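Undergrad: Take the sequences, apply the hints, and build the full model.
Residue numbers (my numbering), protein chains in the order written: chain A, 5 to 353; chain P, 5 to 353; chain B, 5 to 353; chain D, 5 to 353.
It is worth saying that the hints were derived from the structure and are not from the lab.
Hints should not be assumed to be uniformly reliable.
The list makes no distinction among identical chains, and a pair is therefore deemed to hold if it is satisfied within one copy or across any two copies.
Only pairs whose alpha carbons sit at most 30 Å apart, straight line, appear in this in silico BS3-like list of lysine-lysine [claimed, not checked]:
| hint | residue 1 | residue 2 |
| --- | --- | --- |
| 1 | K276 | K312 |
| 2 | K340 | K233 |
| 3 | K312 | K284 |
| 4 | K312 | K263 |
| 5 | K233 | K205 |
| 6 | K205 | K276 |
| 7 | K284 | K263 |
| 8 | K276 | K263 |
| 9 | K340 | K263 |
| 10 | K233 | K284 |
| 11 | K312 | K340 |
All figures in this text were calculated on a predicted structure; none of them were measured in a lab.
Number of protein chains: 4
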Amino acid sequence: MFVRAACDEISEALAELMSAFVNRAEQARDAAMPAYTHTQPAEPVLVAHWLLAYVEMLLRDTERLADCRRRANFCPLGSAAVAGSTLPLDRHSMAVELGFAAPTPNSIDATADRDFIIEFVSALSLLMLHLSRWTEEMLLFSSREYGFIRLPEAYSTGSSAMPQKMNGDLLELIRGKAGRVIGDLTALLVITKGIPLAYDKDLQECQEPLFHAVDVVLSLTPLATAWMKAAEFDLPRMREAAQTGCLNAFAAATYLTNKGVPFRIAHELVGKAVCLALQKQCELQELSLQELRNLNAHFDSDFFDFVKLENVLAIHNVPGGTAPARVQEAIASARKRIAQSREEAHAHA
Amino acid sequence: MFVRAACDEISEALAELMSAFVNRAEQARDAAMPAYTHTQPAEPVLVAHWLLAYVEMLLRDTERLADCRRRANFCPLGSAAVAGSTLPLDRHSMAVELGFAAPTPNSIDATADRDFIIEFVSALSLLMLHLSRWTEEMLLFSSREYGFIRLPEAYSTGSSAMPQKMNGDLLELIRGKAGRVIGDLTALLVITKGIPLAYDKDLQECQEPLFHAVDVVLSLTPLATAWMKAAEFDLPRMREAAQTGCLNAFAAATYLTNKGVPFRIAHELVGKAVCLALQKQCELQELSLQELRNLNAHFDSDFFDFVKLENVLAIHNVPGGTAPARVQEAIASARKRIAQSREEAHAHA
Amino acid sequence: MFVRAACDEISEALAELMSAFVNRAEQARDAAMPAYTHTQPAEPVLVAHWLLAYVEMLLRDTERLADCRRRANFCPLGSAAVAGSTLPLDRHSMAVELGFAAPTPNSIDATADRDFIIEFVSALSLLMLHLSRWTEEMLLFSSREYGFIRLPEAYSTGSSAMPQKMNGDLLELIRGKAGRVIGDLTALLVITKGIPLAYDKDLQECQEPLFHAVDVVLSLTPLATAWMKAAEFDLPRMREAAQTGCLNAFAAATYLTNKGVPFRIAHELVGKAVCLALQKQCELQELSLQELRNLNAHFDSDFFDFVKLENVLAIHNVPGGTAPARVQEAIASARKRIAQSREEAHAHA
Amino acid sequence: MFVRAACDEISEALAELMSAFVNRAEQARDAAMPAYTHTQPAEPVLVAHWLLAYVEMLLRDTERLADCRRRANFCPLGSAAVAGSTLPLDRHSMAVELGFAAPTPNSIDATADRDFIIEFVSALSLLMLHLSRWTEEMLLFSSREYGFIRLPEAYSTGSSAMPQKMNGDLLELIRGKAGRVIGDLTALLVITKGIPLAYDKDLQECQEPLFHAVDVVLSLTPLATAWMKAAEFDLPRMREAAQTGCLNAFAAATYLTNKGVPFRIAHELVGKAVCLALQKQCELQELSLQELRNLNAHFDSDFFDFVKLENVLAIHNVPGGTAPARVQEAIASARKRIAQSREEAHAHA
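TA: Dropping the structure here:
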């Protein structure tokens with residue numbers, strides 16, 4: 005029953021967090037930023053597109069919790085010590101009255117089983133992994149060097165030693181707590197591995213890691229939501245970063261492939277153009293048409309429009325891509341799915 | 005696609021293993037054995053009831069794999085490096101043609117996500133936990149001291165030093181491999197924790213633990229099935245153990261409560277009767293009516309029938325209890341659910 | 005300083021536990037029992053020999069704690085926030101006054117490092133592994149089926165449902181807590197992995213797992229000591245088990261090799277003798293000389309003395325072997341090393 | 005013997021890596037950079053001081069390996085299956101001839117024990133943690149946003165999709181592999197937990213994680229060494245970063261405390277000065293004396309020299325601090341300790 009209630013409570017907290025992400029995505033409109041791979045800027049994307057990546061992760065977390073809830077929702081009452089009750093109980097009525105789907109089907113399994121705890125804390129570990137990846141990005145993006153996000157003062161602390169500092173304590177705490185929940189999961193797996201049926205006292209040690217993991221998630225998720233609401237995005241700086249460092253190189257290669265150049269060769273040619281731009285400390289679109297034509301005759305005057313930020317975004321025009329119209333659809337779809345998950349959580353309450 | 009195929013293959017292997025358990029349960033008919041809690045004999049149960057406990061665990065594993073498969077069944081093709089493809093791909097058709105439910109909804113998430121691997125290996129860890137608890141019981145029950153089960157020679161080895169020995173190597177190997185799969189899961193969680201979006205090379209290190217975990221499960225599950233088919237149960241010895249050591253004490257307390265004695269007092273009175281039986285090195289039903297009446301006047305001549313093995317089993321007459329009729333129902337239900345899971349696995353093939 | 009003090013306190017608790025093992029070893033004199041491999045009886049050994057195996061493990065634990073203490077015994081005071089103090093502190097005097105060996109050599113490392121915690125909890129994990137293997141054996145040996153050890157009532161509980169039961173709760177709790185400490189270690193490793201220098205708030209999350217692991221060890225070690233003092237060994241039953249099931253088969257093979265038969269062939273011949281004994285439901289020494297000679301002419305009348313329990317024990321006459329004289333030496337050596345470890349722990353106090 | 009040889013080989017590889025760090029430290033002379041806490045710039049330090057922090061970690065790793073080697077260096081030969089050999093072996097001579105310190109003291113422990121593997125892989129996990137923290141810093145510092153370090157081309161790869169990219173694959177691989185080694189350690193702990201003495205087949209599963217962890221460390225350590233030799237530091241950019249963002253604020257507070265202002269008040273006053281500088285988008289030393297005096301009368305014309313980079317570094321003048329003379333001493337001390345560790349490794353060869 006604890007797991008069932010915790011699933012519902014956490015699902016509601018996740019719905020709030022997802023809404024915060026979607027709201028920020030909507031507010032960000034057509035603002036652009038670099039998407040990173042290998043901690044290196046890769047291509048420009050919409051800020052909204054990036055934020056929605058987290059919503060997808062959290063939607064999967066919500067689903068996993070629902071599956072876990074469904075599987076845990078069987079009533080062990082009437083299993084007695086190990087062989088089943090010797091009283092003529094109506095286990096079906098009891099189960100239904102307590103809001104369970106049905107009674108557990110085997111009394112030995114019912115007293116020995118801690119699957120519902122382990123599956124639940126596995127799901128919470130994945131959720132904390134998602135939050136830890138988010139905190140890592142928030143810490144990077146709020147560093148002096150990136151400067152994309154201003155740490156919200158209410159969730160940060162000054163340094164006791166260094167008067168100029170502001171530290172993202174909440175973020176680091178979440179990242180650290182993710183390690184704790186993984187430790188909880190490990191403990192649960194280790195405790196249960198290789199002990200005989202049915203009940204052994206070892207299983208009592210499953211309770212603290214469960215409670216700890218739930219406490220962590222229930223206390224930190226609303227703080228993450230509040231953080232997301234309070235953080236200030238420096239959208240101009242993000243846009244500038246999206247336009248610096250030849251992030252349109254992939255688009256430039258697409259330009260050439262559209263003209264019939266095989267991708268491998270297009271990649272190589274644009275590589276040379278990037279080198280030239282680096283030498284001249286400029287961007288691809290600041291090279292002259294002549295310089296480009298020296299590399300390959302397919303470069304033409306329409307190249308300069310093609311590699312402009314707005315067009316670079318627009319050509320990623322597939323479902324799940326960063327083209328603004330696709331992202332609009334994605335926001336609408338996310339809102340709908342969040343509303344559904346919220347309804348399901350309410351249905352249980 | 006690898007995860008999807010592995011889910012199907014493992015589900016089929018689990019169906020075989022579950023069938024082996026149910027077949028043995030059916031063969032065991034009304035044979036009885038002690039159920040243990042805290043590695044101490046607790047109450048008599050049907051051998052079939054005990055075997056079905058494992059079927060319940062494995063059915064949950066099968067369900068978890070199905071959930072995992074459903075959640076993993078989205079096609080990342082067309083996400084390109086991070087921002088979505090710049091070619092006008094029809095991602096929906098591609099996904100459908102490759103047997104996926106739909107394309108992944110966000111290109112950044114699609115390139116950064118390893119949830120499907122982690123959830124899958126979590127499910128495999130639980131499965132291996134179940135097998136490790138089974139091996140622990142098989143090792144106990146095949147020990148000289150228990151003597152319930154004869155190690156099948158084909159899956160055991162003699163000792164290179166000690167000519168009298170036969171070792172349950174396969175069982176110990178499975179128990180050890182459970183530790184390895186938990187190590188795989190830990191590696192996956194640690195690798196993914198706290199790395200920024202989207203793709204980082206660290207994620208390449210998710211492949212080996214995934215492949216290893218699948219190899220372990222796919223190679224050991226059929227061996228566990230074969231072991232279960234080949235192992236010989238010493239049913240008379242199990243029955244004898246079920247009738248030794250006052251395992252009907254709980255039933256005896258039920259006898260008194262049926263006569264109106266509060267359970268707490270019944271428990272205490274039977275405790276005294278057990279002490280007396282221990283002193284006299286006999287079983288409860290071997291005490292005289294007079295000796296019992298000295299303890300409490302509610303003891304009567306019907307007591308001796310009530311605590312006979314067959315009645316002790318019969319009075320655990322609730323759904324999920326060990327009463328023979330209930331166990332018959334449980335066998336039928338298990339067969340039905342195994343057939344369903346097999347059908348679902350086939351539907352995907 | 006917490007780790008340093010905890011090392012000392014735990015070392016003292018371990019010295020007590022080791023003394024309890026050695027005392028029981030001494031009390032057991034020449035009592036014999038089966039040694040097990042693969043949960044199958046292998047050869048007879050002295051009970052004392054078996055108990056001393058745990059002393060070796062615990063001595064290594066004590067050494068590891070001493071190494072850990074030495075490595076942790078550097079004073080970070082004066083490292084300030086990250087770059088070192090700006091006050092003209094005499095760090096050497098401060099370190100010496102606080103009982104440290106020296107100040108830490110690098111201010112960045114001093115503020116970022118949590119090695120001393122991780123190494124310490126690694127050492128505690130190994131210690132708990134040893135205790136968990138001990139509890140596993142205690143649970144087996146106190147089961148009804150083995151019957152070697154009587155659970156001490158003070159550290160066991162009756163069953164709330166089953167009046168005939170006595171459960172080894174403390175043992176199962178220790179085994180479960182071993183899983184918790186492994187979870188603590190995992191958390192520490194995960195928290196620290198991949199965070200940049202120097203201090204990050206994540207590191208605050210290292211404290212609870214440290215405190216938890218120390219609490220577990222400090223509360224359970226004295227209970228394990230008390231358990232060992234209170235448990236009653238059924239030495240006659242252990243001796244009987246050591247003489248049952250042809251555990252002298254390896255000795256019998258040695259007999260033949262002493263007569264010049266190659267070990268491989270000796271092993272095979274004794275294997276056949278064992279089969280014969282099993283058929284006749286007797287022990288090797290209960291076969292007739294004629295029956296043995298039918299297998300091989302090297303069997304002679306001195307065989308029957310050779311495979312008697314006392315001789316079987318005596319011929320394992322190497323340092324570290326179970327021959328009574330060797331075990332006497334081992335007891336003396338263990339006492340000496342325990343006294344040394346106790347002195348070292350006191351020297352720090 | 006494998007563990008012993010691996011300890012020696014890894015110690016040599018670590019000596020090479022430490023030398024690479026010390027050489028870079030020496031080459032960096034008085035170059036300065038920001039030290040970070042909470043991923044935020046904290047105070048200026050010498051680049052050499054920062055590099056030496058890693059040497060301290062690696063020296064501890066080397067020591068741990070030496071302790072582990074010493075503890076593992078006992079010869080199990082002659083323990084036979086479980087009770088000791090029945091041949092009159094001279095175990096001491098055998099041990100000495102094979103280069104061991106002594107024979108193992110108890111045959112049951114010798115066949116059951118895997119401490120030496122677990123302690124060894126614990127030590128390797130800590131080593132990989134250190135490398136993973138190093139890779140995290142290298143990835144940050146080689147990001148476009150930090151720009152402190154140029155990824156060495158030989159150990160990086162271009163992007164298959166994005167022509168402008170250079171990825172620090174080796175670094176990410178090391179960070180990922182750290183997760184794998186933690187997974188190996190978890191597997192070892194889980195496998196060994198709660199299995200009875202002496203040998204069980206489960207223990208065979210300890211080999212692969214051991215070999216895997218050694219392979220990882222032995223293959224990656226030399227690559228990390230090569231990376232450190234090849235990476236180019238942008239010392240001017242690091243110096244500029246050390247002089248930007250009021251990193252001398254702590255020094256400024258020290259200035260006031262030297263004049264008798266209590267630290268708490270000094271911290272507050274400098275905090276106000278920092279705010280003023282932020283408003284004016286300048287550094288503390290660019291404020292006018294009048295502006296500073298408006299905050300507090302203790303500010304005087306010597307303030308401007310006091311907070312210059314060179315003086316800020318110089319006043320961290322304690323052992324382990326970043327004052328250049330202290331760092332010179334630290335380099336000399338590190339060289340000496342590395343030479344010692346190298347000698348010890350050679351002594352074993």
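Undergrad: If a hint holds in the structure, say so; if it does not, say that too.
TA: Comparing the hints with the structure gives:
Taking the shortest Cα distances, K276 and K312 sit within 30 Å of each other inside one copy (19 Å), while across copies they are farther apart (43 Å). For the identical chains of this complex, K340 and K233 are intra-copy neighbours only, at 20 Å inside a copy versus 51 Å across copies, given an alpha-carbon limit of 30 Å. Taking identical chains as interchangeable, the C-alpha atoms of K312 and K284 lie at most 30 Å apart only when both belong to the same chain, with a minimum of 19 Å there against 34 Å between chains. Taking the shortest Cα distances, K312 and K263 sit within 30 Å of each other inside one copy (18 Å), while across copies they are farther apart (57 Å).
Within a single copy, K233 and K205 get their C-alpha atoms only as close as 45 Å, which misses the 30 Å cut-off; across copies the closest is 22 Å, which meets it. When the C-alpha separation of K205 and K276 is checked against a cutoff of 30 Å, the pair qualifies only between copies, where the shortest distance is 25 Å, while the shortest distance within a copy is 68 Å. For the homomeric pair K284 and K263, the shortest alpha-carbon distance inside one copy (26 Å) is at most 30 Å, but the shortest distance between copies (51 Å) is not. In this assembly of identical chains, K276 and K263 lie within 30 Å of each other by CA distance solely inside one copy; the values are 18 Å within and 59 Å between copies.
In this assembly of identical chains, K340 and K263 lie within 30 Å of each other by CA distance neither inside one copy nor across copies; the values are 40 Å within and 60 Å between. In this assembly of identical chains, the alpha carbons of K233 and K284 lie at most 30 Å apart only when taken from different copies (29 Å versus 41 Å within one copy). When the C-alpha separation of K312 and K340 is checked against a cutoff of 30 Å, the pair qualifies neither within a copy, at 33 Å, nor between copies, at 57 Å.
The structure does not agree with the numbered hints 9 and 11 stated previously, though it agrees with the rest.
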